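Protein chains: 2
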Amino acid sequence: MFPKIHQAPRSTLPLMKESPGVVDLLGLLAYAELSAYARMTEDATTLAPSLADRMALSELAVTEYAHFRLLRDRLAELGADPAEAMSPYVAALDAWHAQTRPADWLQALVKTYVGDGIAHDFYREGARHLDPSIADLVDEVLVDEGRSQFAVERVRAGIEADPKAAARLALWARRLVGEALSQAQQVAAARPELALLLVEAGGGQADISRLFAKLTEEHGKRMAAMGL
Amino acid sequence: MFPKIHQAPRSTLPLMKESPGVVDLLGLLAYAELSAYARMTEDATTLAPSLADRMALSELAVTEYAHFRLLRDRLAELGADPAEAMSPYVAALDAWHAQTRPADWLQALVKTYVGDGIAHDFYREGARHLDPSIADLVDEVLVDEGRSQFAVERVRAGIEADPKAAARLALWARRLVGEALSQAQQVAAARPELALLLVEAGGGQADISRLFAKLTEEHGKRMAAMGL
Chain A
824 MFPKIHQAPR STLPLMKESP GVVDLLGLLA YAELSAYARM TEDATTLAPS
874 LADRMALSEL AVTEYAHFRL LRDRLAELGA DPAEAMSPYV AALDAWHAQT
924 RPADWLQALV KTYVGDGIAH DFYREGARHL DPSIADLVDE VLVDEGRSQF
974 AVERVRAGIE ADPKAAARLA LWARRLVGEA LSQAQQVAAA RPELALLLVE
1024 AGGGQADISR LFAKLTEEHG KRMAAMGL
Chain B
824 MFPKIHQAPR STLPLMKESP GVVDLLGLLA YAELSAYARM TEDATTLAPS
874 LADRMALSEL AVTEYAHFRL LRDRLAELGA DPAEAMSPYV AALDAWHAQT
924 RPADWLQALV KTYVGDGIAH DFYREGARHL DPSIADLVDE VLVDEGRSQF
974 AVERVRAGIE ADPKAAARLA LWARRLVGEA LSQAQQVAAA RPELALLLVE
1024 AGGGQADISR LFAKLTEEHG KRMAAMGL
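Going down the list, the protein sequences come from chains A and B. The first sequence maps to residues 824 to 1051 in this note's numbering. The second sequence maps to residues 824 to 1051 in this note's numbering.
Just to be clear, a hint being listed does not mean it is correct.
Stated by the list, open to error - Some chain A residues near chain B, calculated using beta-carbon distances under 7 Å:
1) ALA861
2) THR864
3) LEU874
4) VAL885
5) TYR888
6) ALA906
7) MET909
Read the hints as simulated data drawn from the structure, not as lab findings. Note that the coordinates shown come from a computational prediction; the quantities given were computed from them, not determined experimentally. From the three backbone atoms N, C-alpha and C, an ideal C-beta is built for every residue, glycine too.
Looking at chain A on its own, in the form it has when it is part of the complex (with noise of 0.2 Å):
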């Protein structure tokens, strides 16, 4: 079924053995981009309101999972049992989208362009003190590429259309921001290693509030730029 594992080069494995982390990120990310290609899958079939707002939107979750295929297979040539890196983070994401649901297609490009975005600012925050390659591949996975812009642009455009939906998405931004977080929480207390990876670089709790602080004002641009 993984026609695309390659051996990884040699030198790569006894950093690994340094960063006990990794594999936890990886696997972290691996089951987010895996849920998120499913619930997306679900939004564009379910929600979209054209044929071609659905090829859109699955075009996007299809993109999901080559990213998903990518971090199963770095973390195959690492030597991890993928289902097994993955399983720890099952609970807490499907929890996440089961708490954010979208009721209706502008929901739906919300959680697309907000989910990406958050999820996109942790990973790479986890990824800045890593092994340089495995840094590379995490950056490779999460670069956008412009893809959210379809979603940009179409909830500016029905915000445009009924100004009183603005109220409402800024208000479901939130939820999905907060949901976010909650699960981190949870997810970081029962993973202290991959905790340990946001903050190991120095600064302990001055690092977590940098972060904190990063996260929002990158969730403050994407709002900005829905017009939320």
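Knowing the structure of chain A, use the given hints to seat chain B on it.
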């Protein structure tokens, strides 16, 4: 959103005008792949008994999406709007999926294998009478590459573990075929140009009888492969 679109060789365009059923066939096939991707993703997410199984079925689902991309791009090359070309078939294919929603993992696997198989026989037959470049595309989209071997192996193992499941799954497979033929009849009645593709090589009623005999024969082989 459609980065892979490239220009069709001009020489194919006049030929298309002689085969008005081509856009019909590609539109039907495109929506079949788009909806198969969505349903298999849902089945993988909600019914797979393990993350490994979920990954395996998701991989098949995304392969269906890759086929959808090829067909969408070919439709665009032919100057057709992909969404418009697909829209006449949405109701029939959605009805088929709604009437054949798997209740468990083994039913999902049988549906993947049997449903794909029937669809492939049917479309390949439609493509027989077409311009070779279209027939080649359909062959490329439908090539199995042993993907469905995964479904066959899991179903056989499931029956070995629970022999009583065989009768239930055989009934399920018959229902899949019955519902497919019922929807195919309605599509043929609503899209006479598409139906003509199946009979235009001469033969008329005899050709249709041959088609059904062929579908039945291939279905029998698939049932035997699964041990049903």
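Evaluation of the provided hints:
Among the interface hints, the one on A/ALA861 holds; its C-beta lies about 4 Å from the nearest C-beta in chain B, closer than the 7 Å criterion. For A/THR864, the suggested interface contact is upheld, since its CB lies about 4 Å from the closest CB of chain B, less than 7 Å. Residue-level restraint check for A/LEU874 holds (minimum Cβ-Cβ distance to chain B is 4 Å; threshold 7 Å). The beta carbon of A/VAL885 comes within 5 Å of a beta carbon in chain B, closer than 7 Å, and the hint placing it at the interface holds.
The restraint placing A/TYR888 at the interface with chain B holds, with a minimum CB-CB distance near 5 Å, inside the 7 Å limit. Checking A/ALA906 against chain B: minimum C-beta separation of about 4 Å stays under 7 Å; hint holds. Satisfaction of the interface hint for A/MET909 is found here, the shortest Cβ-Cβ separation to chain B being roughly 6 Å, below the 7 Å cut-off.
Of the numbered hints stated above, none is contradicted by the structure.
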